[in-house]
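Here the structure of chain A is known, so what remains is to put chain B in place on it, guided by the hints.
If you want the building blocks of each chain, they are given just below.
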Amino acid sequence: MRARLSSQPWLYLAPAFGLLGVFLVYPVITTVYLSFFDSRSENFVGFANYAYLITHHETVIVFRNNLMWLVLFTGATVTIGLFLAVLTNQVRYEAVAKAIVFVPMAVSFTAAAVIWRFMYIYQPADFTQTGVVNAVVTAFGLDPVAWITNKSVNNFALIASGVWMWTGFALVVISAGLKGIPTEVVEAARVDGASERQIFWHILLPMLRSVILVVAVTLVINSLKVFDLVYVMTFGNFDTDVLANRMFKEMFTFGNFGRASAVAVVLLLAIVPIMLANLRRFRREQ
Amino acid sequence: MADRTVLSRSEEVPMTPVQRLMRQLSRGPLHAAIILVCIMWMTPTAGLFVSSFRTRSEIATTGWWTALVPPWQFTLENYEHVLTARGMGQSFINSVMISVPATLLTILIAALAAYAFSWMEFRGRELFFLLVVALLVVPIQLTLIPVLRMYANLGITGTFPAVWLAHTAYGLPFAVFLLRNFFAALPKDLLESAFLEGASHFTAFTRIVLPLSVPALAALGIFQFLWLWNDLLVALVYLGGFRDVAPMTVTISSLVSSFGSEWHLLTSAAFVSMMLPLIVFFALQKYFVEGILAGAVKG
Numbered sequence: 001m002r003a004r005l006s007s008q009p010w011l012y013l014a015p016a017f018g019l020l021g022v023f024l025v026y027p028v029i030t031t032v033y034l035s036f037f038d039s040r041s042e043n044f045v046g047f048a049n050y051a052y053l054i055t056h057h058e059t060v061i062v063f064r065n066n067l068m069w070l071v072l073f074t075g076a077t078v079t080i081g082l083f084l085a086v087l088t089n090q091v092r093y094e095a096v097a098k099a100i101v102f103v104p105m106a107v108s109f110t111a112a113a114v115i116w117r118f119m120y121i122y123q124p125a126d127f128t129q130t131g132v133v134n135a136v137v138t139a140f141g142l143d144p145v146a147w148i149t150n151k152s153v154n155n156f157a158l159i160a161s162g163v164w165m166w167t168g169f170a171l172v173v174i175s176a177g178l179k180g181i182p183t184e185v186v187e188a189a190r191v192d193g194a195s196e197r198q199i200f201w202h203i204l205l206p207m208l209r210s211v212i213l214v215v216a217v218t219l220v221i222n223s224l225k226v227f228d229l230v231y232v233m234t235f236g237n238f239d240t241d242v243l244a245n246r247m248f249k250e251m252f253t254f255g256n257f258g259r260a261s262a263v264a265v266v267l268l269l270a271i272v273p274i275m276l277a278n279l280r281r282f283r284r285e286q
Numbered sequence: 001m002a003d004r005t006v007l008s009r010s011e012e013v014p015m016t017p018v019q020r021l022m023r024q025l026s027r028g029p030l031h032a033a034i035i036l037v038c039i040m041w042m043t044p045t046a047g048l049f050v051s052s053f054r055t056r057s058e059i060a061t062t063g064w065w066t067a068l069v070p071p072w073q074f075t076l077e078n079y080e081h082v083l084t085a086r087g088m089g090q091s092f093i094n095s096v097m098i099s100v101p102a103t104l105l106t107i108l109i110a111a112l113a114a115y116a117f118s119w120m121e122f123r124g125r126e127l128f129f130l131l132v133v134a135l136l137v138v139p140i141q142l143t144l145i146p147v148l149r150m151y152a153n154l155g156i157t158g159t160f161p162a163v164w165l166a167h168t169a170y171g172l173p174f175a176v177f178l179l180r181n182f183f184a185a186l187p188k189d190l191l192e193s194a195f196l197e198g199a200s201h202f203t204a205f206t207r208i209v210l211p212l213s214v215p216a217l218a219a220l221g222i223f224q225f226l227w228l229w230n231d232l233l234v235a236l237v238y239l240g241g242f243r244d245v246a247p248m249t250v251t252i253s254s255l256v257s258s259f260g261s262e263w264h265l266l267t268s269a270a271f272v273s274m275m276l277p278l279i280v281f282f283a284l285q286k287y288f289v290e291g292i293l294a295g296a297v298k299g
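Chains A and B supply the protein sequences, listed in that same order.
Residue 286, in this note's numbering, is where the first sequence stops; the numbers in between run on with no holes.
Residue 299, in this note's numbering, is where the second sequence stops; the numbers in between run on with no holes.
So that you can see chain A by itself, here it is in the shape it has in the complex (with noise of 0.2 Å):
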């Protein structure tokens, strides 16, 4: 009887444990010793697939393609967010307003890739603008910009995108942080002659800090693994690259494992801080 009990944990964790020991853990062991050999997996290499990361202006462009978007994705969604839920808290329509900016995040990554596209078409400047934002660009009568391969505008227009799909996230998730805030706080705050803009500062901010917190570490792990949207708009063409859209191009494009695996590490040493945050954090509820 006894030992029945005690084996039956285990039938209910095989599947979950066999699955994530073949699809997770073996396989990240594997990556990483990969990336210490050739393109075909054969000889051992040292570091010398890193050593290329960093010495190439293609895969140099990588890492500071990625560190745009982790500060400007982050820093914009986190902000928007921030400021539509405090703006949405004060009317009516706010149940409509939230949905509105949170249908984004419904679609796919490709859907919303080909409507930037879509949004971003450029035509010459004597031909009719037929993209929305350069519409708008020439309606003010400025000169139509081809977003999608200008290498000094492309990062800012394809960030954009990406904000506009994760807005919506944010704006939920520290809205509902914000409803959790007591009523008599702010109320107190204004019976001693407090300005909304002082609330905002002194008793709001800081009362979310740890909302926020969980929004922004979301958004910098989809900072960092930000694939759909590149490879889709640009597939890293014209200095857009990024490490997720690097990978994928090393192994299927160019058939080089060693670099590949080299790219995904690097990827998962950029993550390891928010995994052992999380865990800290996850030991310290428990």
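Hints in this document: simulated from the structure, not taken from any laboratory.
Please read these numbers as outputs of a predicted model, since none were measured by experiment.
This list has only true hints and no planted wrong ones.
If you only want the chain B side, here are some residues facing chain A, beta carbon under 8 Å, derived:
1) L30
2) I34
3) V37
4) G47
5) I59
6) L112
7) Y115
8) V138
9) I145
10) T168
Glycine included, every Cβ here is placed at the ideal spot set by N, Cα and C.
Only chain B this time, still in chain A's reference frame:
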């Protein structure tokens, strides 16, 4: 939505009509800002939707907003064309064939594991759960090459079971994490009295825990289903670009690379792929948002 929100207390103060009007006017910039944002957020999707009903030559020569004023000249031809000649019809079926079984499999396997983690005693319980938490954020890029090689050796690249298994495994850390948190919060007395009356774990699992967890299972199911429906990378890698098994995301991305400026095809194809998520979103918004909120740790 909460009636008493932190910043608005207008309902509590009695006002004369004039005062109310003045107040509304002073809030003009607030409304203007929100409405402007809403318009900005709707425009991209609206443009895609309108264009998908326009002819190829119209899309190429005039902005979609010009089609909003009469005379209206919309057509369904683009949809007919992408669904048949461009394979979006088959891809729609493939997306269903991929997402539905993989979602069910994820929920089933995750629920079993989550039950063990919350209501069974075994050695290393905490340690194993920490492993699950650690796996939450591991990028799947780290697994692509070894799994692809394994699939090549087994000869199952390009088959549905290959993506079912991979999707299930990738979804498990989050699913186990979410369900375990929910299961563990169920009333202890309820399960303990069931055990005292001689109920087995299997009975407790199927008769008590699962029925009480329907909201969590629904939120997880919707979240996972849309996640898989919208996936591009896993399908791209493990299905090897075979057209007869490609889900819509893969088909659309190959349409983009071969017909990048054929907007009558791209807009309608993209909209076909968005229909189901949009219906799910509007019909089951509550569960959907709950899934997203719970998923905040996942990324």
